[in-house]
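Chains as they are written, first to last, in our numbering: chain D, 2 to 421; chain P, 2 to 421.
Careful, some of the hints might be misleading.
Identical copies go unnamed one by one, so any copy, or any two together, can satisfy a pair.
[Said to hold, decoys possible] Result set (DMTMM-like, lysine to aspartate or glutamate): computed pairs, CA atoms no more than 20 Å apart in a straight line: (1) LYS185 x GLU283; (2) LYS185 x GLU285; (3) LYS79 x GLU222; (4) LYS377 x ASP303; (5) LYS5 x ASP84; (6) LYS312 x ASP380; (7) LYS79 x ASP223; (8) LYS79 x GLU273; (9) LYS79 x GLU270; (10) LYS5 x GLU91; (11) LYS5 x GLU273; (12) LYS5 x ASP402.
If you are wondering where the hints come from, they were derived from the structure by calculation, not from laboratory data.
2 protein chains.
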Amino acid sequence: MLNKSFVDVPADHPFPIQNLPYGVFSPRGQTPRCGVAIGDFVVDLAMLVNAGLLTHREVDLRSAFEAPSLNEFMAMGKPVWHDVRRRLQELLGEHTAVLRDDPSLRARAFHRRDSVEMHLPAQIGDFTDFYSSRQHATNVGTMFRDPANALLPNWLHIPVGYHGRSSSVVVSGTPIRRPLGQTKPADAPPVFGPCRLLDFELEVGFFTGPGNALGHAIPIEDARDHIFGLVLVNDWSARDIQKWEYVPLGPFLAKNFATTISPWVVPLEALEFCRVPTGTQEPEPLPYLQGDEEGLFDIKLDVAIRAPKMKAPHVVGRSNMRNLYWTMAQQLAHHSVGGCNVRPGDLMASGTISGSEPESYGSMLELAWRGTRPVKLPDGSERTFIQDGDSVVMTGYAQGDGFRIGFGEAEGTVVPAREG
Amino acid sequence: MLNKSFVDVPADHPFPIQNLPYGVFSPRGQTPRCGVAIGDFVVDLAMLVNAGLLTHREVDLRSAFEAPSLNEFMAMGKPVWHDVRRRLQELLGEHTAVLRDDPSLRARAFHRRDSVEMHLPAQIGDFTDFYSSRQHATNVGTMFRDPANALLPNWLHIPVGYHGRSSSVVVSGTPIRRPLGQTKPADAPPVFGPCRLLDFELEVGFFTGPGNALGHAIPIEDARDHIFGLVLVNDWSARDIQKWEYVPLGPFLAKNFATTISPWVVPLEALEFCRVPTGTQEPEPLPYLQGDEEGLFDIKLDVAIRAPKMKAPHVVGRSNMRNLYWTMAQQLAHHSVGGCNVRPGDLMASGTISGSEPESYGSMLELAWRGTRPVKLPDGSERTFIQDGDSVVMTGYAQGDGFRIGFGEAEGTVVPAREG
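Modelling step: build the complete structure from the supplied sequences, incorporating the hints.
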């Protein structure tokens, strides 16, 4: 692999040439199109196609990269993703002159990242959220059900998940309005008003590739070929609304007011180097869930809060994607095994990723343990849940040998609830 | 209203001039486009636009009707829907010569319905399924939880619903493959295999119109303006898979393998005449759910089974849309009250509509009461759930004075599960 670009990228920068995450951006005043991030720049991919530098014998990359979403590219499948990635690494490499030595072309194809607007990377057909961290499921079960039987009976057999709302998935930077809804005081009828227990959930999601036809399935041994890349996900949650509504059909208004994702989709191929062994799964899963060795990833994940008066976000939780029990391949195999069709651009998130230590939990519910252990912020204030004006910032990276594969950030600032 | 067309439509026909449902069809060998049904014909709407017969001063109807989905038209809103409908009733009326007396234009614009292929009427952004029949919720609660407390505490306060899977919503006539999945025998570990308790759910769904921006809401008094029209919905369900998976996050694989809808979207305006009073809601709902008087519809609903050897479907359940507790406006107001954005072409279904009599139940689970009261078919066989080869056919209509507003049908035939 080429490992150095003519673009200057410090060793701790999230977007070196080893990463090359894809996103949808618009230069000032122009329409959205597909790009790839390197260092502090975005490269306009359609511009490279139009300059004759980026072609593929089998597919129409111009159509794919001129589109305002990555869906078409996601549909092209792993061999194309691989070829395009290799070509981009070549084009951006320090020893390739064609871009490096053509200031005019570079001026057209390169944009400073801080000068462009980012959009959702895909038109998300369906959004699914799993519940795949054992520690998180155990914490929630301990708080709300029974510490002695914190995990529900199906949890160790099924990568439990539910269908989320795709319309309200928003890109990092979108303000998050505190939701209104019904909550139920003890021994009184339900009341309507702003959510009082607003929370984040620290997750990682993946965008799907070609997918499967209805009535077919993606066997676990093929699942990796259908994972295009990963993003950070903040599955905003209204705990008080959730508590009253979720039995028996699951979370609804408690989750569907907003889900924030990071704008840059890190290719799965860029993360292969940080795979770690799938943990012991006991009892042994059913055969359709077996065989995904090295199914986890050593990706450090931070969640931070920035209160209005704070200059910088303060990290309140440090987790790692290796804290998952079920792997992405298991999630995808399970999701499709009944015949449900997966389409290019579907988003599937992990569920809150909590580690075993209290400081590694991935939600305020757990970090402040249902309000009993308030989290202190540097401005002297305390949090049990998220307040109006707070920004929640999630970041993540995998550390390589001399480089980092970063995700950028998933940020959302909470604005007050609508009037009545 | 004009009440007679130059197209011959018998009084018991589902698609008289008072109906004019919208759909997406393709004439043999041609691309999908928007049409309207009258009698045994489909009228190509883009053809009417191109002939200069159908225009609107504010919107581009050509773009809307040349599209392979109704989303663009759905986005245009109620005043446009009303104007277009009125103009179509005029054009198709017996006293309007322009189409009636132009055989050449009619030959281009009219297609026999039995000669065209029907498609999904919209690109469904998100599919939501409610649970709004009190009898159904009571029946399920009685069977699976506690007859003395069959309704869960939130049910009379919240139009309970959950997010479904939009990718697997299919148009009537699409074969339904029996899903595979995990089920849990009593006192033994879970097993993997074909669903054994395959069921239908008799529902009505609505497609949404303009919708709301994220963080805003659709107040109940505006909700009717965001309902474009209605379709029949069969929310296929795998009861054995559902039982094992659904706690705590709700149904997932039990529902996401397929949902069948009827192809013709009956405009809400065509159904105004059959509105009936919203039933008594006690306890009184919270204010944001109040005020939708006459929120129900007197729409007869039948569900029938045709086993492979039977010539015609046999009706096993006769229900009515007036058997709902929560109205569509209440569902929509609730769905959006937390700030969740609704988009044109979202589909929201009622949940199983069961009446108070055992023959009016809307699922096999209830009709055969969890397998204890098998349903007899005319071929001498019995059913507790749906077998391979069975077709499930849902139909519905509202009876007017001398005409019927029909829905056509939502049909699906079950094919055997995939091998392992």
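Checked hints:
1. LYS185 x GLU283: between (38 Å within a copy, 17 Å between copies)
2. LYS185 x GLU285: So LYS185 and GLU285 pass the 20 Å test across copies only (15 Å; inside, 40 Å).
3. LYS79 x GLU222: within (14 Å within a copy, 49 Å between copies)
4. LYS377 x ASP303: within (16 Å within a copy, 60 Å between copies)
5. LYS5 x ASP84: Cα proximity of LYS5 and ASP84: one copy only (18 Å, versus 62 Å across).
6. LYS312 x ASP380: Answer is within; shortest intra-copy Cα gap is 10 Å, inter-copy 76 Å.
7. LYS79 x ASP223: Classified as within: same-chain Cα gap 11 Å, cross-chain 47 Å, threshold 20 Å.
8. LYS79 x GLU273: Cα proximity of LYS79 and GLU273: one copy only (14 Å, versus 51 Å across).
9. LYS79 x GLU270: Close inside one copy (9 Å), not across copies (48 Å); limit 20 Å.
10. LYS5 x GLU91: within (10 Å within a copy, 70 Å between copies)
11. LYS5 x GLU273: within (18 Å within a copy, 67 Å between copies)
12. LYS5 x ASP402: within (13 Å within a copy, 78 Å between copies)
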